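> Here is how the chains run, residue by residue.
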Amino acid sequence: MFRALTRGRRFDELALRLQRQGVIDSYGESRGQEAAQIGAVVDLEADDMVFPSYRQPSVALERGVPTVELLRFYAGAGFCPWDWRKHRFAPYCIPVGSQVAHAVGWAWASRLRGESAATVVFFGDGAASQGEVHEAMNYAGVFKAPVVFLLENNGYAISLPTAKQTNAEELYLRAAGYGIAGVRVDGNDVVAVRDVVREALSRARAGNGPTLVEAVTYRMGGHTTSDDPLRYRTKDEVAGWIDRDPVTRFRARLADQPDLEERIGEIEAEVEAELDRATDDFLKERGMA
Amino acid sequence: MTTTATPRSRTGFTMADGIHRALDQALAEDPTTLIMGEDVGQLGGVFRITAGLRDTYGADRVIDSPLAEAGLVGTGVGLALNGFRPIIEIQFDGFIFPALNQICTHVARFPLRLQEPGLMPLTIRMPSGGRIRASELHSESPETYFAHAPDLRVVSASTPDTARGLLLAAIRSDEPFVFLEPKRLYRRYRVEPEDEIADVDPGRARLLREGDDALLVVYGPMVDIAMQAADAIAEEGVRVAVLDLVSMAPIDTDTLLTEAARSGRVVVAAESIRRCSISSEVVSILATEGFGALKCAPRLLTSPNRPYPPAHEEDEHLPSVEDITNALRGVTA
Numbered sequence: 000m001f002r003a004l005t006r007g008r009r010f011d012e013l014a015l016r017l018q019r020q021g022v023i024d025s026y027g028e029s030r031g032q033e034a035a036q037i038g039a040v041v042d043l044e045a046d047d048m049v050f051p052s053y054r055q056p057s058v059a060l061e062r063g064v065p066t067v068e069l070l071r072f073y074a075g076a077g078f079c080p081w082d083w084r085k086h087r088f089a090p091y092c093i094p095v096g097s098q099v100a101h102a103v104g105w106a107w108a109s110r111l112r113g114e115s116a117a118t119v120v121f122f123g124d125g126a127a128s129q130g131e132v133h134e135a136m137n138y139a140g141v142f143k144a145p146v147v148f149l150l151e152n153n154g155y156a157i158s159l160p161t162a163k164q165t166n167a168e169e170l171y172l173r174a175a176g177y178g179i180a181g182v183r184v185d186g187n188d189v190v191a192v193r194d195v196v197r198e199a200l201s202r203a204r205a206g207n208g209p210t211l212v213e214a215v216t217y218r219m220g221g222h223t224t225s226d227d228p229l230r231y232r233t234k235d236e237v238a239g240w241i242d243r244d245p246v247t248r249f250r251a252r253l254a255d256q257p258d259l260e261e262r263i264g265e266i267e268a269e270v271e272a273e274l275d276r277a278t279d280d281f282l283k284e285r286g287m288a
Numbered sequence: 000m001t002t003t004a005t006p007r008s009r010t011g012f013t014m015a016d017g018i019h020r021a022l023d024q025a026l027a028e029d030p031t032t033l034i035m036g037e038d039v040g041q042l043g044g045v046f047r048i049t050a051g052l053r054d055t056y057g058a059d060r061v062i063d064s065p066l067a068e069a070g071l072v073g074t075g076v077g078l079a080l081n082g083f084r085p086i087i088e089i090q091f092d093g094f095i096f097p098a099l100n101q102i103c104t105h106v107a108r109f110p111l112r113l114q115e116p117g118l119m120p121l122t123i124r125m126p127s128g129g130r131i132r133a134s135e136l137h138s139e140s141p142e143t144y145f146a147h148a149p150d151l152r153v154v155s156a157s158t159p160d161t162a163r164g165l166l167l168a169a170i171r172s173d174e175p176f177v178f179l180e181p182k183r184l185y186r187r188y189r190v191e192p193e194d195e196i197a198d199v200d201p202g203r204a205r206l207l208r209e210g211d212d213a214l215l216v217v218y219g220p221m222v223d224i225a226m227q228a229a230d231a232i233a234e235e236g237v238r239v240a241v242l243d244l245v246s247m248a249p250i251d252t253d254t255l256l257t258e259a260a261r262s263g264r265v266v267v268a269a270e271s272i273r274r275c276s277i278s279s280e281v282v283s284i285l286a287t288e289g290f291g292a293l294k295c296a297p298r299l300l301t302s303p304n305r306p307y308p309p310a311h312e313e314d315e316h317l318p319s320v321e322d323i324t325n326a327l328r329g330v331t332a
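From first to last, the protein sequence lines stand for chains A and B. The opening position of the first sequence corresponds to residue 0 in numbering that gives the first Met the number 0, with each subsequent residue numbered one higher. The opening position of the second sequence corresponds to residue 0 in numbering that gives the first Met the number 0, with each subsequent residue numbered one higher.
I should point out that these hints are in silico values taken from the structure, not numbers from a laboratory. Check each hint, because a few of them may be wrong.
Capping the alpha-carbon separation at 25 Å, the derived lysine to aspartate or glutamate pairs in DMTMM-like fashion look like this [what the hints assert, rightly or not]: (1) A:Lys163 - A:Asp280; (2) A:Lys85 - B:Asp38; (3) A:Lys143 - B:Glu115.
Covered stretches of chain B (in silico footprint by chain A; criterion: 3 or more residues with CB under 8 Å from a CB of chain A, positions within the stretch not fixed) [stated by the list, open to error]: (4) 129-136; (5) 271-285; (6) 292-301.
Residues from chain B shown here face chain A by an in silico Cβ test under 8 Å; the list is partial [to be verified]: (7) Ala50; (8) Gly51; (9) Thr55; (10) Gly57; (11) Ala58; (12) Asp59; (13) Gly70; (14) Leu80; (15) Phe83.
Here the structure is a predicted model, which means the values were calculated and not measured. In this text, a Cβ means the ideal position worked out from N, Cα and C, and glycines have one as well.
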């Protein structure tokens, strides 16, 4: 899991850099949300399906999408440059929240064929206000679709804080309205996310229906590279979340592992080398190397 | 081939029967087809088009959905991506709007998005059109909304003998289709049953009547009105050809231009409003690609650019047989 978290973080830093250099067009930042994302997919099987919103590069990489194909997306070289069937990772979905029903339909199809595959769908606190998201969760309850709704509550829908998005304090409680299971988890604790999703996946595979998981996290960067978050939040607020950084938190959890520093050093070097190779390939194909 | 009994018919079968038989045949021939919609299972739909199918094929294949059109089409997209061929029934034309996001941003775009032309084998059926004295938003002509979503195919049934073949072609196609069913015509006309129905090309316009003096271009709920107008004016010695577009998106431009060129005198009629409509598109094609063959300006008969009115006023709102015969007299004078 440390490798996956690190890969997600380093990709985010790389993409931000490439955008500032004018190599890619725009990029939706995901720094700070790696634990909510990786914890939700680390236990998936190859035939399980993932529907992202548009801010899950760490998940794409964990599902085996080659880094260079992910970079192509941000460079405008195709709406889905990766093999979505092979990686079981659907294309990014731009109309906010509209992918949730697709995940329900996909999961429902799995159930109709008697397969044990489960589906995970990502969406945010902003998307949670969309009528389509409610409709999709209601359908999933009625048809006992084997799906996990992973609501990344990252505090903001572009500029709108969750407190102004809804008068509800806890979004997972909406599950009761659809007669499905709901749970809230510290989305910056990758182990906690993995544990609740593991239980949700078991429920789905056993035919006991969907689960709404609200992972409380924080978008440490901007909505996209065109955003200026300091227009709607303070530096102090952001600084407060640095202490809860999901990557350093998981690293702290590993403190009693033998040879920790050495192993972490190895993983970081391998991830760096992997991303460097992909960047070289990407720059070559863009005619920039 | 066997078909489910249709107790509604006394002799011959109606357009509703033809659509029912197409659905029955689709479910029988391909286990990945599903019917989804509000009240389509137990009740058989508010127009009873799916009556009896749930008993034959089970509740997992003829699915009563919750009352939520966006969820209906959205889950249909997911089912289609994962190997099924959903046939979605929208209860009325005026209820499609919550699903327009899914239709325009996903149904019509997934094949392009994933560079896989056969990726969205989804058929969305709905009753359409007016003149049935219904309440508000039960008499709409929504075809133009769909025609503005590139890569979505939009067709309309119009007669009992071709509805079945047309719907089967849409269901069997790997492309997404919107299939309109003029509700006034569901049970208005009967034809003798045939055990096997001819294949219908869902992209081809169909010449329903030949005539050298003028061409009448129509589709869906205007087809039988056009045939009545052609009959009426034939008594005056004017011979009018009637072309049923069948496909509103894309329009069969070749057939349209060929038939228009025979007389060079064209009347286009539709129930929809005029602005940015299928019929204004027909006139645009004639003006830009067939101008040389026209002998006079085409006449365009539509509803005025206003919302569909209360039942009391619908006869004045829609082009009538008399409006069409007057226009035909105008172009042939």
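> Identify every previously stated hint that the structure contradicts and give their numbers, smallest first.
1, 2, 3, 4, 5, 6, 7, 8, 9, 10, 11
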